[in-house]
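Kindly generate the complete structure, drawing on both the sequences and the hints.
Number of protein chains: 4
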Amino acid sequence: MKRVFIAVLITLGMSQSAYGAQQCEPSPWGVDDEIGAANHITPESVLKAAQLVETGRTYRLGIIIDSSTPAYPPRSLSLQVVQPGQQESARPNADVTYNDDIFQGWFGIGSQLDGLGHIGRDGMYYNCNHAHDFAAIDGLKKLGIEKVPPIVARGIVLDMAGHFGVDHLAAGQHFSVADVQAVEDRQDTPVEKGDVVLFHTGWTDAKLKSDPAVWGSVEPGISEEVAAYLAEKQVVAVGADTWAVDVIPPQNADRPFPGHVLFLRDNGIFILEVMNTGPLVRDKVHEFLFVLGQARVRGAVQMIVNPIAID
Amino acid sequence: MKRVFIAVLITLGMSQSAYGAQQCEPSPWGVDDEIGAANHITPESVLKAAQLVETGRTYRLGIIIDSSTPAYPPRSLSLQVVQPGQQESARPNADVTYNDDIFQGWFGIGSQLDGLGHIGRDGMYYNCNHAHDFAAIDGLKKLGIEKVPPIVARGIVLDMAGHFGVDHLAAGQHFSVADVQAVEDRQDTPVEKGDVVLFHTGWTDAKLKSDPAVWGSVEPGISEEVAAYLAEKQVVAVGADTWAVDVIPPQNADRPFPGHVLFLRDNGIFILEVMNTGPLVRDKVHEFLFVLGQARVRGAVQMIVNPIAID
Amino acid sequence: MKRVFIAVLITLGMSQSAYGAQQCEPSPWGVDDEIGAANHITPESVLKAAQLVETGRTYRLGIIIDSSTPAYPPRSLSLQVVQPGQQESARPNADVTYNDDIFQGWFGIGSQLDGLGHIGRDGMYYNCNHAHDFAAIDGLKKLGIEKVPPIVARGIVLDMAGHFGVDHLAAGQHFSVADVQAVEDRQDTPVEKGDVVLFHTGWTDAKLKSDPAVWGSVEPGISEEVAAYLAEKQVVAVGADTWAVDVIPPQNADRPFPGHVLFLRDNGIFILEVMNTGPLVRDKVHEFLFVLGQARVRGAVQMIVNPIAID
Amino acid sequence: MKRVFIAVLITLGMSQSAYGAQQCEPSPWGVDDEIGAANHITPESVLKAAQLVETGRTYRLGIIIDSSTPAYPPRSLSLQVVQPGQQESARPNADVTYNDDIFQGWFGIGSQLDGLGHIGRDGMYYNCNHAHDFAAIDGLKKLGIEKVPPIVARGIVLDMAGHFGVDHLAAGQHFSVADVQAVEDRQDTPVEKGDVVLFHTGWTDAKLKSDPAVWGSVEPGISEEVAAYLAEKQVVAVGADTWAVDVIPPQNADRPFPGHVLFLRDNGIFILEVMNTGPLVRDKVHEFLFVLGQARVRGAVQMIVNPIAID
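Chains as they are written, first to last, in numbering that gives the first Met the number 0: chain L, 0 to 310; chain E, 0 to 310; chain B, 0 to 310; chain A, 0 to 310.
No lab work stands behind these hints: they were computed from the structure.
One should not assume that every hint holds.
Since the list can't tell identical chains apart, any single copy or any two copies may satisfy a pair.
[To be verified] Taking lysine-lysine pairs in the DSS-like style, the calculated list, with each CA pair at most 27 angstroms apart, reads: (1) Lys206 - Lys146; (2) Lys141 - Lys208; (3) Lys141 - Lys232; (4) Lys141 - Lys47; (5) Lys47 - Lys283; (6) Lys192 - Lys146; (7) Lys140 - Lys232; (8) Lys192 - Lys208; (9) Lys206 - Lys283; (10) Lys283 - Lys140; (11) Lys140 - Lys208; (12) Lys140 - Lys47.
Now the structure itself:
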């Protein structure tokens with residue numbers, strides 16, 4: 000009784016993955032490489048970065064997150080503090096009492112490190128890894144966050160808000176290579192190979208508390224040419240005090256998150272989002288020892304982090 | 000028809016919380032202090048610690064964890080990697096594809112930082128904070144892990160396995176202050192105020208993979224007198240390559256986790272569990288710059304961490 | 000250097016659990032009973048209830064819940080639909096594709112069955128079970144929701160809104176035994192032993208969508224005397240189109256949730272919250288066959304349910 | 000410096016979704032239908048089914064599940080029972096104490112109802128719904144479990160183990176239409192339009208506890224021709240005391256889960272897995288009133304259930 004019909008041929012096929020034919024760039028560090036630009040980190044580079052410590056002041060670049068922190072949909076989180084075995088003041092361990100905690104949530108909330116398995120193009124990720132081969136439901140089989148080595152490097156923060164003479168850049172406002180270079184010069188902090196480069200736009204200080212909905216839906220950020228410039232400089236990681244580093248809305252509607260694709264997929268450069276750059280800028284600490292050790296959950300794509308800047 | 004009866008009076012009341020009468024030690028840093036021994040960290044101490052960097056080699060002290068990692072019951076974890084909006088190769092963002100991840104689990108798994116709200120005695124925690132007042136179901140209202148400042152300090156690893164001339168100490172084996180001092184001397188790494196002190200027992204290298212059930216149920220560790228010795232030394236944190244630092248089973252069955260209570264509750268000293276000390280010891284790196292920035296989830300009790308040692 | 004002091008003795012001890020001395024009522028069904036008033040259900044009672052089916056119309060008493068459904072703090076829920084193994088149209092099972100789902104949340108959201116282990120007084124629950132003995136972190140060891148047998152019974156809905164000639168009762172409005180009896184008479188549906196009694200207040204139809212914050216913070220409901228009346232009638236379960244059945248705010252501020260305590264703890268009577276009674280009332284179906292089979296998750300306290308009324 | 004290359008063209012494209020060209024069968028109940036064979040349920044059919052109640056005995060068809068219940072990978076679950084606000088016997092609600100519970104897990108564990116959005120072919124599901132259009136990460140936009148109406152119907156259990164004179168059928172053992180018809184005759188329970196048909200293979204009674212790993216990886220089940228036979232009979236739901244109803248391993252390796260595809264996708268017939276049919280068979284209750292009301296979580300794919308059989 001049921002009629003079988005042939006659905007109208009639509010042209011969706013055109014935009015779908017042409018897996019077989021896709022261009023990809025094998026890593027300069029070999030076809031098995033999973034750490035990308037972290038390869039730039041060497042004992043020599045670490046030693047040099049450590050010599051940047053001058054005052055001993057430390058800065059935590061991670062913000063505090065909780066269930067009210069705006070997050071890229073449908074990300075959310077929930078935390079519970081519990082006292083196992085101690086209901087109604089029970090004492091399974093003599094007089095020792097304790098609290099424990101349970102978390103349900105997405106790792107891509109607040110201050111976060113994007114691993115190299117986070118963003119790809121048509122299913123192809125860093126070093127020609129295709130989602131078919133590594134993006135398993137129970138954890139990435141390659142490019143997992145647990146692979147990221149200690150990111151210990153020279154860190155610089157480029158004060159773009161100061162450059163434009165504003166408290167914070169506007170949503171959708173992006174800046175050019177010339178702008179970046181002007182700040183490099185002004186601060187005397189040229190971008191160098193192996194650096195962790197952070198942009199201070201003022202966005203999080205200005206908007207996270209006062210207008211969280213706006214904070215999390217648009218933002219100022221790097222232009223496409225700045226992304227290319229930083230990739231050419233062979234930095235280790237790029238971050239900002241925004242939730243995506245890239246300017247949102249994007250310059251080209253058909254190229255969303257261009258910096259993400261260029262950094263993570265094409266160049267193995269890590270991304271650091273929602274970095275608390277304000278205190279560095281206020282103290283005029285534009286150059287520092289950057290240290291990041293992220294929790295090593297096997298197969299995780301990204302991680303909530305709190306890098307430490309040491310001046 | 001129902002009979003009402005008076006349950007037999009039992010003496011449980013004796014062992015229950017005598018909240019009102021409990022002794023507690025207010026912090027030397029004031030009644031509002033929430034960071035304990037981290038107060039020892041100053042720009043001066045950081046600067047001094049940074050000068051320990053000699054070779055630029057880095058070590059990650061966090062191990063990789065996953066759903067098979069043994070954990071203190073009933074702790075467990077689960078991770079899922081997903082591709083939101085991309086079911087059947089859908090393309091909500093032009094040709095950009097991405098993986099995201101969702102976590103359900105306890106933060107007290109694998110390499111972890113115990114916050115000051117983790118362990119108390121009869122409901123009383125660090126700085127006379129009672130569970131009633133801060134241990135809310137949706138996150139600690141005081142002593143949360145987000146409060147912990149950057150732990151940047153001199154780190155030392157004391158090679159207890161080497162001291163005893165073994166690959167690893169045995170379950171239940173504890174060591175004395177004399178043992179610790181002998182290692183301090185042998186390595187020329189005296190414990191100093193403000194240090195992060197890690198013990199290498201060889202336990203995790205020897206047992207985590209080969210016998211995870213044993214690894215997670217017993218362990219070698221510090222004796223009660225060593226805990227007191229370290230507290231007197233005013234260290235910032237104490238860690239080990241075991242899941243509890245304290246020797247398990249405990250020396251006194253009626254005093255479980257004595258180091259936990261002494262460090263966290265009585266002295267505001269942080270605890271670092273399941274530190275991957277093996278590579279440091281094998282490289283004879285006994286002294287280093289220790290840097291820890293933990294994810295700042297508001298109200299969390301503890302956190303999965305990956306401190307970085309820089310030699 | 001640290002001063003030890005004795006905290007001021009406060010009288011909190013007075014209000015704390017006097018576990019040993021607490022009155023409790025052993026179940027008339029024996030000290031091992033875990034199903035309470037469900038003992039009233041017999042093949043005879045089921046057979047009689049089945050004879051109430053007259054038209055074959057069915058009603059689902061469960062409402063739809065999602066992450067926006069107001070819930071008793073800090074309850075919340077999150078759901079993800081995923082396609083395991085099918086990232087980028089991968090095909091692990093020939094051409095078969097599938098969706099799966101993951102849930103993180105509290106079972107006490109929306110339409111729910113309260114098990115007998117949900118509410119107690121000073122740690123003592125139904126049938127003299129103390130929290131110490133059964134309320135384990137990884138699931139109730141007694142009184143778990145999985146124990147509840149099929150609740151197949153005569154169901155009646157008492158139209159309290161109709162009785163008062165209103166669309167819905169007001170927040171805080173409670174009704175008397177006389178009111179209940181008037182409705183019993185008016186509808187010709189006397190409350191009988193073994194019944195499932197539902198109250199229609201109009202609250203959910205009127206407020207859940209239009210004012211969810213108010214809906215979930217106050218409500219009309221039964222008075223204390225109505226709770227006692229129903230307990231005396233030996234009903235199996237009491238429900239309402241509200242989130243707590245009890246009137247909120249309570250009649251006596253020092254006796255919150257009196258019906259909960261009386262039903263669950265003292266009498267083993269189950270509670271059904273957020274029952275979708277509107278359609279029954281609109282169709283004047285005041286008497287029906289009630290059938291509930293709740294998901295049997297071991298040790299769960301309560302369960303999201305969707306009982307079926309068959310007219 | 001990076002070489003760009005063109006990956007070898009592979010023929011994967013052939014096996015990938017030919018979305019545009021795929022055959023699909025619109026529902027006989029209209030292009031907007033989301034409830035499939037549940038359309039067969041009418042007041043008349045319910046009334047008739049209710050008349051099957053003869054003894055008043057009830058059976059719960061759901062088994063108890065917990066974290067040890069085998070589940071289709073990577074499904075798992077975790078439950079916590081907590082006492083919000085009551086840490087160390089705190090009393091936020093006078094002397095009222097309570098337990099609550101938190102669940103993290105997959106809904107496809109143990110006794111479960113498969114919704115019509117669960118299984119498709121090449122991304123196309125029931126009633127020509129494509130995954131692109133409805134399988135959102137935060138919940139199915141169509142075919143969600145919350146749409147399933149009360150399944151109140153004649154239920155029959157076909158005792159296949161008894162037919163073959165065994166305690167339980169073997170893994171991989173399937174049965175023919177002739178076998179099914181023989182049991183229909185023997186029991187005098189012909190399959191009729193609108194029925195819920197359950198197969199008793201003995202598998203769960205025999206293997207779930209004694210050999211959970213085997214229980215969850217293979218199973219006896221219906222053959223492809225039986226699936227077609229039942230679809231032709233226009234039943235509402237098909238279930239079994241196995242985790243997939245279909246025989247595993249499948250008869251044809253390139254057609255896994257053929258009954259799932261035929262029932263859910265092609266015919267809108269619901270599937271009931273891990274039904275506890277043993278007690279029915281032991282009591283020779285082969286025909287009964289079947290009642291299922293599943294928790295209505297918006298957008299869920301499937302649900303842990305506990306249907307009630309009333310004899």
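> For which of the previously enumerated hints does the structure constitute a violation, in increasing order of number?
Replying inline: 4, 7, 8, 10 and 12
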